[in-house]
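Enquirer: Each chain is listed here by its residues.
Number of protein chains: 2
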Amino acid sequence: MNTSPLEQLISLFAKLPGLGPRSARRLVLHLIRHKEKLLTPLVATLTQTGADIRTCSVCGNLDTSDPCPICSDERRDPSQLCVVEEIADLWAIERSRTFRGRYHVLGGTLSALDGRGPDQLNIDALITRARAPEVREVIMATNATVEGQTTAHYISDRLAGSDVHISRLAHGIPMGGELDYLDDGTLGAALKARLPVG
Amino acid sequence: MNTSPLEQLISLFAKLPGLGPRSARRLVLHLIRHKEKLLTPLVATLTQTGADIRTCSVCGNLDTSDPCPICSDERRDPSQLCVVEEIADLWAIERSRTFRGRYHVLGGTLSALDGRGPDQLNIDALITRARAPEVREVIMATNATVEGQTTAHYISDRLAGSDVHISRLAHGIPMGGELDYLDDGTLGAALKARLPVG
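Taken in sequence, the protein lines are chains Z and S.
At position 11 of the first sequence the residue is numbered 102 (our numbering), and the sequence of numbers has no breaks.
At position 112 of the second sequence the residue is numbered 203 (our numbering), and the sequence of numbers has no breaks.
Treat each hint with caution, since some may be false.
Since the list gives no way to pick out one identical chain from another, each pair is judged satisfied if it fits inside one copy or across any two copies.
What the hints assert, rightly or not - Calculated pairs, DMTMM-like style, for lysine to aspartate or glutamate (alpha carbon to alpha carbon, straight line, at most 20 Å):
1) 283 x 269
2) 283 x 271
3) 126 x 177
4) 126 x 143
5) 126 x 157
Treat the hints as calculated values from the structure; they're not laboratory data.
Predicted model only: the values in this text are computed from it and were never measured.
Just chain Z, with the same shape it has in the complex (with noise of 0.2 Å):
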């Protein structure tokens, strides 16, 4: 069977991520099991969003639309600017419903390992937005990884001397999170920047 169309099927999704063969293969056979309920919607929405997928050219999200619908949403505070790593972390912050201002995102992280520098990550464009004279703050998301702290201090280097404010996310106890399996960088953090009750 290892050239038939259901087996290419198979394999093609195996290479998506948090799928192996195994998983790949009831996938498969629960899209053909259910060929008019499934497989064809499914169809249907991936041609469509193949073809119209676009990267934002203002912020760097992909949508349908070019710009985005957070970049051409009147409604959304242009005095804020928040700085992604990755598309990923902007639908993360946007499920969080909690930012109704605007994105950036920079497509990595600067990595001296990787041999990343500012020219392969999407900072220029950053720089020149943040100096709109609508910009009032960066707010910079990175992860809270070697990288994402080192890309973050990279930026707010090169906006030095702005007038603009530069912020990071907050360190501190996740919500639900139990003290005694928190590691220590964390605890120190929230211990650190602890704020009066009531």
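Starting from the structure of chain Z, add chain S where the hints point.
Expert: Showing chain S alone in chain Z's frame:
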């Protein structure tokens, strides 16, 4: 973002077995970021499969041809008929590369609880197939569950009186299994069915 094509795509993927909203999101993001290498071939193969998929009128397998490649393969032994509940079971046995006969897919098990009687399963066709002069053995490869075994018994009863030999899969310790973690039933069955060494 709730009605965007991307969200639609994510919610379609999230319905598939083994995927939830989070993994569907990761998967869709991965697909749209690798449009040429992944999304386009996936759409093509899905479209092709959706158009070509057929239920084999002989055994009940799903494939792009009817009869399926197994039923039409002249090198496979027509004297052995392996009865499975689902297509997934057929695929699993194929992967073991130990069976060179033909299959018969029941499409489930008898179940008083779910109101599935013999008429809802592909049983009559099996009885007819098993009566063909070339068939000498029917291997009951239903699951080792109460319903799987009930179904196997029912079919054995229906086949009683014919010349065909009826067998079932062996019970025993799974390869790599540890006795300490094995259930009593399996361990008892393995002990009872012990074999001489060497």
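Enquirer: At 20 Å max between alpha carbons, let me know whether residue 283 reaches residue 269 within a copy, between copies, both or neither.
Expert: Within. Shortest intra-copy distance 17 Å satisfies the 20 Å Cα cut-off; inter-copy 50 Å does not.
Enquirer: Please work out whether the CA atoms of residue 126 and residue 143 approach to 20 Å or closer within one copy, between two copies, in both situations, or in neither?
Expert: between (24 Å within a copy, 11 Å between copies)
Enquirer: What label fits residue 126 with residue 177 when the C-alpha limit is 20 Å: within, between, both, or neither?
Expert: between (34 Å within a copy, 17 Å between copies)
Enquirer: Indicate which option fits the pair residue 283, residue 271 if close means a Cα-Cα distance not exceeding 20 Å: within, between, both or neither.
Expert: within (17 Å within a copy, 49 Å between copies)
Enquirer: Which holds for residue 126 with residue 157 at a C-alpha limit of 20 Å: within a copy, between copies, both or neither?
Expert: between (33 Å within a copy, 17 Å between copies)
Going through the hint list in order, the structure satisfies each hint without exception.
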